[in-house]
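S.K.: One letter stands for each residue in the lines below.
Protein chains: 2
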Amino acid sequence: MNYYGQEIENLIAELGMLPSIGTKSAQRLAFHILGMDEKAVEDLANAIISARKNVRYCQECFTLTDDELCPICSNPKRNKNIIMVVEDTRDLAAYERTGKYQGVYHVLHGAISPMAGVGPADIKLKELMQRLQKTDVEEVIIATNSSLEGETTAAYISKLIKPTGIKVTRIASGVPVGGNLEYVDEVTLDRALEGRVEL
Amino acid sequence: MNYYGQEIENLIAELGMLPSIGTKSAQRLAFHILGMDEKAVEDLANAIISARKNVRYCQECFTLTDDELCPICSNPKRNKNIIMVVEDTRDLAAYERTGKYQGVYHVLHGAISPMAGVGPADIKLKELMQRLQKTDVEEVIIATNSSLEGETTAAYISKLIKPTGIKVTRIASGVPVGGNLEYVDEVTLDRALEGRVEL
Chain A
1015 MNYYGQEIEN LIAELGMLPS IGTKSAQRLA FHILGMDEKA VEDLANAIIS
1065 ARKNVRYCQE CFTLTDDELC PICSNPKRNK NIIMVVEDTR DLAAYERTGK
1115 YQGVYHVLHG AISPMAGVGP ADIKLKELMQ RLQKTDVEEV IIATNSSLEG
1165 ETTAAYISKL IKPTGIKVTR IASGVPVGGN LEYVDEVTLD RALEGRVEL
Chain B
1015 MNYYGQEIEN LIAELGMLPS IGTKSAQRLA FHILGMDEKA VEDLANAIIS
1065 ARKNVRYCQE CFTLTDDELC PICSNPKRNK NIIMVVEDTR DLAAYERTGK
1115 YQGVYHVLHG AISPMAGVGP ADIKLKELMQ RLQKTDVEEV IIATNSSLEG
1165 ETTAAYISKL IKPTGIKVTR IASGVPVGGN LEYVDEVTLD RALEGRVEL
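These protein sequences, in sequence, are chains A and B. For what it's worth, our numbering labels the leading residue of the first sequence as 1015, then goes sequentially. For what it's worth, our numbering labels the leading residue of the second sequence as 1015, then goes sequentially.
If we strip away everything but chain A, and leave its shape as in the complex, we get (with noise of 0.2 Å):
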């Protein structure tokens, strides 16, 4: 099925290997691609190659970043005696965009689920516990997410953790803020009820 030429085929089926991106979507990225300037079709390229060969994690917290220390672990004015657990760098960003976090972070970079085969070992949890042995922490908040892996990874930090002494919580689950309650499902209404704070 050659439509297009081989350079063009060629573009389409790698593009076409990106997730979720579909054989249309992989056309439409093409054709504007053909139609860029050639300037910004290599900063395009640079910017793919460049970042997949400088990414490394940040020596602290295990980000993705490009440097030994990430933009968040090396900022003075973060208070290193918090840490929020996540289980990946997305969800660190998710969480830097409220503007309200002025802790650290640790990434997972996963979370145990014995039905995928990935236990504690596979996630950076050895690095947390020597992490907690260096520095002096007040709080580890874990924000795993709310799925069966998430829950079973928050449990299993938690009991590792609580020997030490060192005080540690989960963000909390309830009904989304703007939320319409007849589109929750039944098992975040429960949580919300169970969660249900004085007011």
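The reader is advised that the hints may include incorrect statements.
You can't tell identical chains apart in this list, so a pair holds if it fits in one copy or across any two.
[As the list claims (entries may be wrong)] Within a straight-line C-alpha distance of at most 25 Å, the following computed DSS-like cross-link-like pairs (lysine-lysine) qualify:
hint, residue 1, residue 2
1, K1176, K1138
2, K1067, K1053
3, K1038, K1114
4, K1181, K1138
5, K1067, K1038
6, K1181, K1140
Rather than coming from a laboratory, the hints here were simulated on the basis of the structure.
Fit chain B to the supplied structure of chain A, relying on the hints for placement.
M.R.: Relative to chain A, chain B alone:
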């Protein structure tokens, strides 16, 4: 808002400039790319640069391709006496996927649109007329889109070609196959009625 470090932010920004890729999608794509094999990342970047560098117009039909003639024009089995006029290369691919059309194409790269300042001289119309003089063409099938611009272009081309004595046709408008009448707009229903055929 630098959560990730410059390299990753830059990659997200570059990806976010592509059409129909918002910030969230750009982030998802960026982290997917960061997790890919270095070899696969290079293949992707090379496909982008190489396609952009080597893409050109087919000398015959002006579709985007990577050689002097596109795979269709260089195929001796295609009927060179029937030319289907389309707005862009993707429209050509759409008809190719039907597998039914045996003629060749002419790609206009746009449609006449006074509103957008696109006149007959801005699309590959002169090239079509030159082509009709050079080759012995039986029929020109106008398959521009069924939009205002597409219809204007179709009317204009038809007027231009008629004096040469070459047969000019337009693809049918009507109810899409599998379409439910209830959900089809009035203009389409009207066209389908006008274009009714005897059974």
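S.K.: Now tell me, hint by hint, if it's right for this structure.
M.R.: How the hints compare with the structure:
1. K1176 - K1138: Within one copy only: 18 Å inside, 73 Å across.
2. K1067 - K1053: Classified as both: same-chain Cα gap 21 Å, cross-chain 11 Å, threshold 25 Å.
3. K1038 - K1114: Between. Shortest inter-copy distance 20 Å satisfies the 25 Å Cα cut-off; intra-copy 40 Å does not.
4. K1181 - K1138: within (20 Å within a copy, 71 Å between copies)
5. K1067 - K1038: The answer is between: 22 Å across copies meets 25 Å, while 29 Å in one copy does not.
6. K1181 - K1140: within (18 Å within a copy, 76 Å between copies)
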